[in-house]
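*Asks:* Sequence:
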Amino acid sequence: EITTELCGREFSKSTVSRLAKDLDEQVQAWAERPLQREYPFLMLDAMQLKVRRQKAVRSTTAMLAVGISEDGQREILGLEMAFGETEQGWRRFIRGLRERGLSGVELATSDAHEGLRQALQEAFPGLIWQRCHTEESLGVHFRRNVLDQTPASYRDQMHQVLDRVLEADSQEEARTRLDDLREQLEENAASALETLEDGFYDATAVLALPEKYRKRLRTTNMLERFIQEIRRREKVVRIFPNMDSAYRLVGALCAETHEEWSTGRRYLNMDEYFEWRADRSGDDRFSEESSLNGKLSSQSATVPA
Numbered sequence: 023e024i025t026t027e028l029c030g031r032e033f034s035k036s037t038v039s040r041l042a043k044d045l046d047e048q049v050q051a052w053a054e055r056p057l058q059r060e061y062p063f064l065m066l067d068a069m070q071l072k073v074r075r076q077k078a079v080r081s082t083t084a085m086l087a088v089g090i091s092e093d094g095q096r097e098i099l100g101l102e103m104a105f106g107e108t109e110q111g112w113r114r115f116i117r118g119l120r121e122r123g124l125s126g127v128e129l130a131t132s133d134a135h136e137g138l139r140q141a142l143q144e145a146f147p148g149l150i151w152q153r154c155h156t157e158e159s160l161g162v163h164f165r166r167n168v169l170d171q172t173p174a175s176y177r178d179q180m181h182q183v184l185d186r187v188l189e190a191d192s193q194e195e196a197r198t199r200l201d202d203l204r205e206q207l208e209e210n211a212a213s214a215l216e217t218l219e220d221g222f223y224d225a226t227a228v229l230a231l232p233e234k235y236r237k238r239l240r241t242t243n244m245l246e247r248f249i250q251e252i253r254r255r256e257k258v259v260r261i262f263p264n265m266d267s268a269y270r271l272v273g274a275l276c277a278e279t280h281e282e283w284s285t286g287r288r289y290l291n292m293d294e295y296f297e298w299r300a301d302r303s304g305d306d307r308f309s310e311e312s313s314l315n316g317k318l319s320s321q322s323a324t325v326p327a
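Per our numbering, the sequence shown starts with residue 23, numbered consecutively.
Calculated from the structure, these hints are not laboratory results. Be aware that one or more of the hints could be misleading.
[As the list claims (entries may be wrong)] Simulated restraints, written as ranges between beta carbons of each label pair:
#1 Gly123 x Gly30: 40 to 46 Å
#2 Val79 x Glu209: 38 to 44 Å
#3 Pro173 x Leu45: 22 to 28 Å
#4 Gly30 x Asp170: 17 to 23 Å
#5 Glu219 x Gly123: 34 to 40 Å
#6 Thr26 x Ser81: 24 to 30 Å
#7 Ala174 x Arg80: 43 to 49 Å
[Stated by the list, open to error] With a Cα cut of at most 27 Å, we get these calculated BS3-like pairs of lysine-lysine:
#8 Lys72 x Lys237
#9 Lys77 x Lys43
#10 Lys77 x Lys257
#11 Lys234 x Lys43
#12 Lys257 x Lys234
#13 Lys35 x Lys72
#14 Lys257 x Lys35
#15 Lys77 x Lys35
Virtual Cβ for every residue (Gly too), placed ideally from N, Cα, C.
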């Protein structure tokens, strides 16, 4: 029935089965391909689908990951279906990406799901985690959390406060701007200030990167726009008859979009990123050498002449 509605003509059951089998093979090949390059930037999000399971229509989670490679190309790295958005599910998904070769992740952007954040930090120690905070994003993100705690009469001013803080040139400058506004916020929006303080460092993590990368990496808007495209196709189906059919449709869209992105126009020029990484590596080596020299000096000072 779905194929007929999509194509405007009837197909036999055997034809539909053959088409589904061919599509399954293509989706599986995409989903199991090795990830042979480094992906400095990673974005993750999830969407809910209605799937018939255990004689009832149940909400089912599709977890998605997009990476920006060292060449600056966007790629859809993987898809996994799960019964719910849990820490265990995210850990399994990220472990699968790593087993296929995902490496070199410097910064990951996602919503504030605690299980997802922990799974990321376990898989990539030292990762910079950026909490998505755009108001236009789906789900409960940082900016909306702050605004929800802001009195209605002060929300216009709070928009300006958030813009001022989040658009600073560095995390140190953002901290200074927030401290300058503290007295004003305590008087007009104390609860919002507390929420802002709690999420400040996660929301401004992207300021560690060169400026040209911040706008695109501080949100998951790119991935969310792709999710909206899945929603457009999903409306034809409404309720998937089983998990395999849901994976087939979403996976086919992932594979198709991945091919368009990975062979299309470069998403980011990575030259400044590699310069930034080299400078940071030099700073880290200097810090380690200074620490070592300090220890050796301390030890030599205690040795009798």
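*Asks:* Checking each numbered hint in turn, tell me which of them this model violates, lowest number first.
*Replies:* 2, 3, 4, 7, 8, 11, 12
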